[in-house]
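In order, the protein sequences belong to chains A and B.
All residue numbers for the first sequence refer to our numbering, where the first residue is 1428 and numbers rise by one.
All residue numbers for the second sequence refer to our numbering, where the first residue is 4 and numbers rise by one.
Treat the hints as calculated values from the structure; they're not laboratory data.
Treat the hints with caution; some may be incorrect.
Claimed, not checked - 25 Å max Cα-Cα, derived DSS-like pairs, lysine-lysine:
1) Lys269/B to Lys238/B
2) Lys191/B to Lys238/B
3) Lys95/B to Lys82/B
4) Lys191/B to Lys1522/A
5) Lys1499/A to Lys82/B
6) Lys95/B to Lys191/B
On a predicted model such as this, the values are computed, not experimentally measured, just so you know.
Next come the chains, spelled out residue by residue.
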Amino acid sequence: MDYTIVVENLCKRYGDVQAVDGLSFTVESGEFFGILGPNGAGKTTTMEIIEGLREADSGAVSLLGASPWPRKPSLLIRIGVQLQASSFFELMTAKEQIYTFAEMYGVPTSRADAMLETVGLLDSADTRAEQLSGGQAQRLSIACALVHDPEVVFLDEPTSGLDPQARRNLWDVLRAINDEGRTVVLTTHYMDEAEILCDRVAIVDRGQLLQLGPPAELVRGLDSPVRISIESGLLTVPEAKALADDAEVADDEVSLTIATRSPSTVLATLADRDALRGLQVRGATLEDVFLHLTGREYRE
Amino acid sequence: MTRGIRPLSRAMLRGFLRDRTAVFFTLLFPLMFLVLFGGLFKDQGAPKADIIQIGSVAAFDRMPAEARAGLAGVAEITKSNDIADALEKVRKGDADAAVEEQGNKVVVHYSASDPVSAGYVRGLIGSIVEQANIAATGQPPTFTVAATQVEDESLQTIQYITPGLLGWAIATGATFSAALTLVGWRQKRILRRLRLAPITTGDVVGARVGTAVVVAFVQTAVFLGIATLPYFGLKLADAWWMSIPLIICGTLAFLSLGLLIGSLTKTIDAAAAASNLVVLPMAFLSGAFFALDGAPGWLQGLSHVLPLGYLRDGMMDVMVRGEGPLSVLPHMAALLAFGAVVALIASRFFRWDAV
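Let the sequences and hints guide you as you build the complete structure.
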């Protein structure tokens, strides 16, 4: 197998905090790989070590077959990094920003123009970076990260703070980047995003790997009940409870919800009784896996 | 690889030129002082006395033509017949003295409210009467006094303030640009982004030094261009071109200072405040605004530690005092040594990243 990134037993400590604690995983060539975890889980530190911004205390990292530390320009031209905060030069337009990066990487400006078009920023090319909207700024920073046509792309929470439209829009851009054959490593704490975009995800917390695999596989592994909702009033609660042995029923006057592990029999019976108005069937999501693994719903 | 220098220099220059506050404080603000001081003190020499002559005064009226011409440089004599009006003018300070003749006496009416001009006008009239007495004897004077003012011949106001204010402008420009670029780029994570690009630290430093030197040269060109206008009347000495390498050394010294400030501060506001806190007192203590001749010795000694003192003094030597081209070598060495020491200290505190 052709591995783009190999991380073995990685450790990094800041003072009293063990930011990364024995992390191991591999990323295959052309893969869309997600690193998920709550704030402070060690995602960003792990990315920074792989990118060569920080030195690991112990463990080994191989990026495109070489160690990223100490800093190697020959490796840097093969990777593209989009940082968490949009790092733009002051008082410069979108076009000037990406031209600056193009020149640093020795790339013709025509390529920079093409990237602006790819991320849909041609119309805002002469707008100062400070005046771009959140979504536009993220797209510009992705364009800057891709201007030199890197083989591996690192994206650190690219959609945080964006409105739903801008997020969908950006997902299309990210999917296109991956479809062109690039390996993409993404950190995010949006589970829907990871579920939709990533081939495989690593769920980390406290610097340790909790689970690794394709999102669908992780969800299936959770073996959680399916939640079937219909309009309130179609069935009484006792009637609903009788539909399956394990059925747990709740009625909040708007919807009647049945949680069960045998959804097919329940759905068949509801269909027979013509009680499917307002039907919604919800299986477990990656978010359920995540909360199941990391436990707490809220932390700062 | 040095391909980072060009795009980074361009980014820095754009950042500077589009920042109106930066352009104002590094160029227009010091220039305002130059125009203000240069215009205000342009004709500053010996004070001119305003004297009102009431009626006829023999000692004044019989003055020979050449003595009268000499007097025109130091006193303005107007004639009047209205005693009350003349005395009122003296009382109000519109005139320095009123003179009348009472028999053989020349009476000088003056106001004691301005002791300097009162003393000056008394001495002046005394000497006019003295000359009239000598002339009355028909004998040539045994002793004469020829007075020439030393300051006027060597340094005019514009000659003194141009190197000082230019030095201040260069110090402001270089210190602020280094400190603010470092903090701003670190805060906005541009430094971190640059570490991920295939460029070297040398590219970043080279671009910063290059653009700062260009800005310093623009400041110099504008300052000298305006100061040498006939209105201000600055005349550059032969070896003025030696101020070019001197200014490069000065820029390097202040860039190090800015680098140190930028390494020790975390926010743009703190960096700007700290730069002000360093540059402004330094400008005063280095005599950038006014001469330190009257200051106590220890204060004057302090100006020999401050880099702006060396820059100002060196520029004064080659631009104004007419010293040889080699006279600024010690100044250049001092500036480079200061820069090297401060840069070394700064490198100990330097951080690429805010966290």
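Review point. So which of the earlier hints does this model not fit?
Key: 1, 2, 5, 6
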